[in-house]
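Asks: If you want the building blocks of each chain, they are given just below.
2 protein chains.
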Amino acid sequence: MTIIEDALKQNATENLKYIAQEERVDINTVFKAVSKGSAVIIQKNNNKPVGIGFPFRTKINVNIGTSTSLANVDKEIEKLKVAEKFGADTISDLSMGGDINVIRKKIIENSTVPITTVPIYQALIDANSVMNISEDLIFKTIETQLKDGISTVVIHSGFSLENLLKMKGKRIMGMVSKGGSYTAAYMINNSIENPFLQNFDTLLDLLYEYDAVLNLGNAMRSGCIHDVTDEFQLSEIKLNSKLAKKANSKGVQVIIESLGGHILAKDLIKYIKLYKKIAKNRPLFVAGPLPTDFAPGYDHIVAAIGGTLAAGFGADYLCAITPAEHLSLPTVDDIKRGLIACRIAAHIGDSFKFGLNYLFKNDLNLSTYRYKKNWKKQFEFSIDPTEPQKKHPINEEICTMCGKHCALSISQKLFNKKL
Amino acid sequence: MTIIEDALKQNATENLKYIAQEERVDINTVFKAVSKGSAVIIQKNNNKPVGIGFPFRTKINVNIGTSTSLANVDKEIEKLKVAEKFGADTISDLSMGGDINVIRKKIIENSTVPITTVPIYQALIDANSVMNISEDLIFKTIETQLKDGISTVVIHSGFSLENLLKMKGKRIMGMVSKGGSYTAAYMINNSIENPFLQNFDTLLDLLYEYDAVLNLGNAMRSGCIHDVTDEFQLSEIKLNSKLAKKANSKGVQVIIESLGGHILAKDLIKYIKLYKKIAKNRPLFVAGPLPTDFAPGYDHIVAAIGGTLAAGFGADYLCAITPAEHLSLPTVDDIKRGLIACRIAAHIGDSFKFGLNYLFKNDLNLSTYRYKKNWKKQFEFSIDPTEPQKKHPINEEICTMCGKHCALSISQKLFNKKL
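Line by line, the protein sequences give chains A and B. For reference, each letter of the first sequence is one residue, going 3 to 421 in the working numbering. For reference, each letter of the second sequence is one residue, going 3 to 421 in the working numbering.
Treat the hints with care, since some could be wrong.
Chain copies aren't distinguished; within one or between two, either way the pair holds.
Unchecked claim - In silico SDA-like cross-links for lysine to any residue, where the CA-CA straight-line distance does not exceed 25 Å:
#	residue 1	residue 2
1	K272	L358
2	K172	L361
3	K355	D269
4	K392	S411
Calculated directly from the structure, the hints in this document are not laboratory data. Keep in mind it's a predicted model, so treat the numbers as computed, not measured.
Chain A with its partners taken away, still in its complex shape (with noise of 0.2 Å):
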């Protein structure tokens, strides 16, 4: 039985238990949530399970991996690590250059985490080009990764080939989607449907098979904000709201990558809300978004912005952004940094969930501790208590900020002493 089925008979198996546990809600909640496909629970190689969607708390994946350019394996371990550190939920392995297979089963082996994949980056680096990518490949590429232990697999349904036609010179940016422009280039290529629109229940039986998780690729979202979120990222919302309730049907959890990219923030928050409509709650995923394309260098602070409202009015799981976003294969620097301000993101965001203030029991704690200008404990505390460190050293008393005259010690005086 998958995970799904065993919410549907209300099973109390250990994974469903220990999400019940972790996000604070009764067993009952879970059964609910699953069954009816507004959450998904991720496990996999005897990871931690990972609840997704509502009522749970918001979620955070980094995209690690090497690139044609760019491939040193350590590296990418060293991006897991830090990843993992620092509170990634979920790990997601793009590698497209060096022995993808062998990059993908050190990583498998070395994360603690569940691993997501997009099988046609593969599927396109073993054709050589995208000119010889063939539906043979592409899911005989997904059963090797499934296989591998893979949890979730990334495929981009939701755009037929009569819809792609009609993209043509729509678009300031046109589709920025990898895994959406490679299946978009072999469906024109060689005039095809959409390979997993055509096969999406050989699809499902594979999937059920392994019990992993259905990600539905946000191939249409726009490249920059003038990209008005348009007829094709509707459509793909709606084609992919179906094919996910198919899937939930067939025993095999969905979550659905939508509004990412770039997007003006009051359609976001607009956007969120007819998407949870339409898609009946379903997890939604987005990568950023960002609101603003002026910013590359700061990409990290204008997703944090983004994922901040995204979470905030409905968003369940966030991609972080690294500051090398539109730029460079990250750094492992990078990671950390995207990751960082992601998960600021995600945090703010919750605060305006329901259910959720008792993830706001570290802010109170780190402000009690501020007030008492006890700063280690304060930094304690905080996301990262090696970088406030760099600009306040936790054996130095006095802040360089106020010097003798802080607020806080003349508040002490007045406001907690007999006056």
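Position chain B against the provided structure of chain A, taking the given hints into account.
Replies: Here is chain B on its own, set in the frame of chain A:
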């Protein structure tokens, strides 16, 4: 005549005409905004005028200045120059260390934007202790600073002694506003009423004489998200709104600082709407705000999220927060990083505001060059052209993220050429 009197009499002065052009509105809109007090125009020392408030673009203030434990004038001038270079609209000189009079004069001399001060900072230093401050000293300090050419004076008038005495034990963090706590200490130690409240008419006469802007400070902002926006914050908004009305009627322009510091995102949105109602749409200046306490070292990112929400829902004027917030006097680099984050916030915030579409042309230009992979031109339109070059030298064509398999290249072939 002061600027507000010009607006009331519909005198199309150079200042008012400049603002109309700069903000892309007609002169009657400027007359109305300034005369009703929904916007202020700041102009001093031949600086270009700056308009703050509805319906103008969101503006940014950068705090610089020495402290008792770190006072290097040259560094402060360097901060000023960096702040101007990266788009600060105003600067606050918060110096409390070294020869404050000399530092202020040097900053004014070197600045091309208006300078704000908090006179009670210098009054405290000149008095040598909070115990020795006197009303006479406070007002003499204000006059000295106005004579030097500062454009805006921050005073903390929004609380009475009676109200202050009620605060004891009611908050986790007490009062975190420096100017507020110095004013409060002076009041409680001497058992006297708020000196700014008591002598408000004298203050207005002085400000009128120099046509300076009055900034009613936010003494009652909360220092942690668990100090929920309380009766003290609300009564400060009400009292300052009354004082603002009086000041306007006497020909003095007013900005009100409120809802800064640490505040939950949901509360921020709610209270900004309430503020705009109570304060009859007067310009709202916010420090931060910070919707979580748990990220010391990353507070510029937290403030970018809070600043976006604030500006998006109605704040007019943001105070940049550096990564050194809560830790130390910021370095030149901290100032830059805080300002860039704040500009991103103001820009995204402005996408919520009506009539500001013209601000997003840079985004379009940048994206158009991004699509063409013209790195040089792309970076020219970015918020900080040097930063992205650290990760992608402009003469390198390939981006190491996608290497050979770039979605943009594929898109160009698929969607812009004939299929």
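Asks: Now look at each hint and say whether the structure bears it out.
Replies: Now for the hints, and whether the structure bears them out:
Taking CA atoms no more than 25 Å apart as the test, K272 paired with L358 passes in both settings, with 23 Å inside one copy and 19 Å between copies. Taking CA atoms no more than 25 Å apart as the test, K172 paired with L361 passes between copies only; the shortest distance there is 23 Å, against 44 Å inside one copy. Taking identical chains as interchangeable, the C-alpha atoms of K355 and D269 lie at most 25 Å apart whether they share a chain (20 Å) or sit on different chains (13 Å). Proximity of K392 and S411 under a CA criterion of 25 Å is satisfied intra-copy only: 23 Å inside one chain copy versus 42 Å between copies.
Of the numbered hints stated above, none is contradicted by the structure.
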